[in-house]
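4 protein chains.
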Amino acid sequence: MSKLVAVIAGVGPGTGGAVARKFASAYPVVLLARNPDNYNDLVKDINGAGGKAIGISTDIADAGSVRAAFDKIGSEFGGDYGLAAAIFNASGRFVRKPFLELSEDEFNAGLDVSGKGAFLFAQATLPRLVSAAPHSKHPPSLVFTGATASVKANAQMASFATGKWALRALSQSLAKEFGPQGVHVSHAIIDGVIDIPRTKEWLKEAGPDAKISADGIADAYWNLHTQPRSTLTWEIDIRPFVEKW
Amino acid sequence: MSKLVAVIAGVGPGTGGAVARKFASAYPVVLLARNPDNYNDLVKDINGAGGKAIGISTDIADAGSVRAAFDKIGSEFGGDYGLAAAIFNASGRFVRKPFLELSEDEFNAGLDVSGKGAFLFAQATLPRLVSAAPHSKHPPSLVFTGATASVKANAQMASFATGKWALRALSQSLAKEFGPQGVHVSHAIIDGVIDIPRTKEWLKEAGPDAKISADGIADAYWNLHTQPRSTLTWEIDIRPFVEKW
Amino acid sequence: MSKLVAVIAGVGPGTGGAVARKFASAYPVVLLARNPDNYNDLVKDINGAGGKAIGISTDIADAGSVRAAFDKIGSEFGGDYGLAAAIFNASGRFVRKPFLELSEDEFNAGLDVSGKGAFLFAQATLPRLVSAAPHSKHPPSLVFTGATASVKANAQMASFATGKWALRALSQSLAKEFGPQGVHVSHAIIDGVIDIPRTKEWLKEAGPDAKISADGIADAYWNLHTQPRSTLTWEIDIRPFVEKW
Amino acid sequence: MSKLVAVIAGVGPGTGGAVARKFASAYPVVLLARNPDNYNDLVKDINGAGGKAIGISTDIADAGSVRAAFDKIGSEFGGDYGLAAAIFNASGRFVRKPFLELSEDEFNAGLDVSGKGAFLFAQATLPRLVSAAPHSKHPPSLVFTGATASVKANAQMASFATGKWALRALSQSLAKEFGPQGVHVSHAIIDGVIDIPRTKEWLKEAGPDAKISADGIADAYWNLHTQPRSTLTWEIDIRPFVEKW
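Protein chains in written order, with our numbering: chain A, 4 to 248; chain B, 4 to 248; chain C, 4 to 248; chain D, 4 to 248.
I should point out that these hints are in silico values taken from the structure, not numbers from a laboratory. Please note that the accuracy of each hint is not assured.
Note: identical chains are not told apart, hence a pair may lie in one copy or across any two.
[To be verified] Subject to a maximum C-alpha distance of 25 Å in a straight line, what follows is the list of computed DSS-like cross-link-like pairs (lysine-lysine):
hint : residue 1 : residue 2
1    : Lys140    : Lys179
2    : Lys179    : Lys247
3    : Lys203    : Lys6
4    : Lys75     : Lys179
5    : Lys179    : Lys155
6    : Lys140    : Lys47
7    : Lys203    : Lys247
8    : Lys140    : Lys207
9    : Lys207    : Lys179
10   : Lys247    : Lys100
11   : Lys179    : Lys100
12   : Lys47     : Lys155
13   : Lys140    : Lys247
14   : Lys179    : Lys55
15   : Lys247    : Lys6
16   : Lys247    : Lys155
17   : Lys75     : Lys155
18   : Lys140    : Lys155
19   : Lys55     : Lys6
20   : Lys6      : Lys155
21   : Lys100    : Lys6
22   : Lys140    : Lys55
23   : Lys140    : Lys6
24   : Lys6      : Lys47
All chains should be modelled from the sequences, with the hints used to inform the complete structure.
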């Protein structure tokens, strides 16, 4: 096997970017996002700091786009590259509106990314995760990012919640099927506001650490990644100390 | 309001048919299924026994087909008909195979019916359920049929389970949004084999009532329907006494 | 078998009393409560209306008191009486206070009733439920009353929640063990305020049916009781339409 | 504050001992077990390796014994010591037998340790965890060890499961109350067989890492301990890759 690589789908200013930086200290990383603005600076930073990163513009819910992305990864790292980690951090648009005002497209937004997109990503990465198992220091990891809406479906949240519940189901089914094949599948329930530039003004009165640290999430994902296969966690939840649950 | 009607999507030899017969004793019933063979005899039986039933061939995952079906209901019962009950009993194909052998279409089968189909059905019925609330003896009911796979995502069950988890999320979100509007939204986890001709030879050694009675499910749905709005159940599970859980 | 009887532990102005009245229309009922004031009028009413009821002052968390109560039931109905239904509706004191201010006795209040008390009640009733199975029209029923706190453990609710979670565990374990023996064990999550004299002034602004109807709960328990053994529900939740979940 | 200490209740050859060794690299550790044989060698090892450990024979379900233990900790570390971590790893006897054969004492075994014992431990440690918050590098941690039986109550497991469900409720209630006070409360579902001398011959055919590593659990607890208060996990599950769930 020529190389072990980590691929992160859904890179941006929050979790995806922090995870990319964290995993870049151990592996070459591939960053997928629809909009290259979401990874360009990060790719530059990682490469500039002595790591190795490439970004690929990808529509994760489109089979052709996903196929093209993984073809490109193959050209870059050789046909026999393996995956040490695959992180699915993409999310459909967060739509909150009265159910009867949802258009069909708005409703499908959640399931397109968290259902179909996660399926495409899992099918593209699992063969390389399985094949990497005998060569990887840590069990190869497939991590899915969930949210409060993965376990609670609130009023007016039908689009986001149906996608996130479907994603959690996918994660659980894959954990059971691929655990015995040496792949560590896990799911993280991110329950709170993540501290990124866009949320700078939110929750200010609650104090400087009332928002979830993206680097803290990345550390948690790294800790999942380094668990031995005798001792695997399927699911963690993450929230700031002030969260009301 | 001219009339209170019950509509059942996903009618066949099991739950859907039994629910149709049960609710036909109180309301005219509309039976939706893709294949008219699934409702023709039932329609005849109900009408022959002094009830009122119509069947409409419908692809529940297709917006145009669902719209056409509800147009037809309007022509039949008058533009101001209300819905006393809407039962979503449709299910995608039950596909069980290794994840890496699933085609995109096979995976989507679950989400198409249980995600998109349930969305279309809920959007088509909720306005008529809400408007019926002041006129209906019992809180108008929207019931979704789930399965073991609604709460457990087993290996090789990614298609079915993602659909069923999404359906449960939809049901919970709608229960919270439409409860205060007087509509009773509920979800039933059918956890076992239903006793229908196709399963005649299954579980024989476990005895004559080791399979779930479709009429028993219909009774349970009727009991949900007749709860007063002060005392609503969102979720029930149903299994035979021999089920291993 | 001389007689099928129903026994209800935890009788008072709410659920217990309503359940007693409901089941008294089918069976002689035995009402257990520590304080006879909680059942005296009800016993009189039921007997006066042509039913059959006896009340027995019982400390459900005390083995000797429970034994004495069931000895008395035996003297009343004959040594070979069977139980068609046993309803455990007792609850420890609802204590809400900062955890560090809880005395050991206050903390234990929840587990004494919902843990030890439920154990004693289940051990006293299950042999009579099992033996009644072949003779009872409906599968003999053992129903446990839970609360919101059965599935959510809120801050400052350690005593009540630990008891209620333990009770739910007991119910699930017994459902699995005694279902195959023909006994229907179930658990009800009562999620809201019950409409009784003490809560008359509560939630008034939310309207006349913003509180759960005790009679509605009793109907739900009766519906559980009449399920055939092919079609058993382990758990239901019950809340008013205005509940915020 | 003179000193930050870690205290572990329920020390033996598995999780408790591994956690003690792990935390001993950062803090003086206090090891509680009823039988000193369970900590004597470990205390010697840790002290011999340059760490600091004391063992105290304690019956965790007895208020007087717990009080005496914490008095002793105070004498040892000074009246103003703080707790960086408190790990509750005690468990009642694992009793598996038909429900009707359980004695009252056997049933209570689970609730005595996991209910009352956990209450006593939490009340004894929380004031020292809260007071340590401003002085501790990591948010002071209170970790509870659960099991498969914390989320599933199997047949014939009423004693163990009621205790473990109660413990999980306590953990959730405390997480909500003490998170805002800067204490990190968490719960671990250990779902599988732990690799200790007593289980040496178990699961051998499944391979050398088919049992959970106690050191792996200790690493997971340490990872929980080092989470920043912006990014706290309440619950993790842990199982070997071959576990059937």
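Okay, the hints, checked on the actual structure:
1. For the homomeric pair Lys140 and Lys179, the shortest alpha-carbon distance inside one copy (21 Å) is at most 25 Å, but the shortest distance between copies (37 Å) is not.
2. Only between protomers do Lys179 and Lys247 lie at most 25 Å apart by alpha-carbon distance; the minimum there is 7 Å, versus 32 Å within a single protomer.
3. With identical chains, the CA atoms of Lys203 and Lys6 are never at most 25 Å apart, being 39 Å at best within one copy and 37 Å at best between copies.
4. For the homomeric pair Lys75 and Lys179, neither the shortest alpha-carbon distance inside one copy (30 Å) nor that between copies (45 Å) is at most 25 Å.
5. With identical chains, the CA atoms of Lys179 and Lys155 are at most 25 Å apart both within one copy (23 Å) and between copies (11 Å).
6. Proximity of Lys140 and Lys47 under a CA criterion of 25 Å is satisfied in neither setting, with 27 Å inside one chain copy and 33 Å between copies.
7. Within a single copy, Lys203 and Lys247 get their C-alpha atoms as close as 20 Å, which meets the 25 Å cut-off; across copies the closest is 30 Å, which misses it.
8. Only between protomers do Lys140 and Lys207 lie at most 25 Å apart by alpha-carbon distance; the minimum there is 23 Å, versus 41 Å within a single protomer.
9. Taking the shortest alpha-carbon separations for Lys207 and Lys179, only the inter-copy value of 21 Å comes in at or below 25 Å, while the best intra-copy value is 41 Å.
10. In this homomeric assembly, Lys247 and Lys100 come within 25 Å of each other (Cα to Cα) both inside a single copy, at 23 Å, and across copies, at 17 Å.
11. Only between protomers do Lys179 and Lys100 lie at most 25 Å apart by alpha-carbon distance; the minimum there is 13 Å, versus 35 Å within a single protomer.
12. Taking identical chains as interchangeable, the C-alpha atoms of Lys47 and Lys155 are never at most 25 Å apart, the minima being 38 Å within one chain and 43 Å between chains.
13. Taking the closest pair of Cα atoms, Lys140 and Lys247 come within 25 Å of each other only across two copies (24 Å); inside a single copy the shortest separation is 38 Å, beyond that limit.
14. Neither within a single protomer nor between protomers do Lys179 and Lys55 lie at most 25 Å apart by alpha-carbon distance, with minima of 32 Å and 41 Å respectively.
15. In the homo-oligomer, the alpha carbons of Lys247 and Lys6 never lie at most 25 Å apart, since the shortest distance is 44 Å inside one protomer and 31 Å across protomers.
16. Proximity of Lys247 and Lys155 under a CA criterion of 25 Å is satisfied in both settings, with 14 Å inside one chain copy and 13 Å between copies.
17. In this homomeric assembly, Lys75 and Lys155 never come within 25 Å of each other (Cα to Cα): the closest approach is 38 Å inside a single copy and 36 Å across copies.
18. Neither within a single protomer nor between protomers do Lys140 and Lys155 lie at most 25 Å apart by alpha-carbon distance, with minima of 36 Å and 31 Å respectively.
19. Proximity of Lys55 and Lys6 under a CA criterion of 25 Å is satisfied intra-copy only: 12 Å inside one chain copy versus 44 Å between copies.
20. With identical chains, the CA atoms of Lys6 and Lys155 are never at most 25 Å apart, being 40 Å at best within one copy and 36 Å at best between copies.
21. Within a single copy, Lys100 and Lys6 get their C-alpha atoms no closer than 46 Å, and across copies no closer than 30 Å, so neither meets the 25 Å cut-off.
22. Within a single copy, Lys140 and Lys55 get their C-alpha atoms as close as 19 Å, which meets the 25 Å cut-off; across copies the closest is 33 Å, which misses it.
23. Taking the shortest alpha-carbon separations for Lys140 and Lys6, only the intra-copy value of 13 Å comes in at or below 25 Å, while the best inter-copy value is 38 Å.
24. When the C-alpha separation of Lys6 and Lys47 is checked against a cutoff of 25 Å, the pair qualifies only within one copy, where the shortest distance is 21 Å, while the shortest distance between copies is 45 Å.
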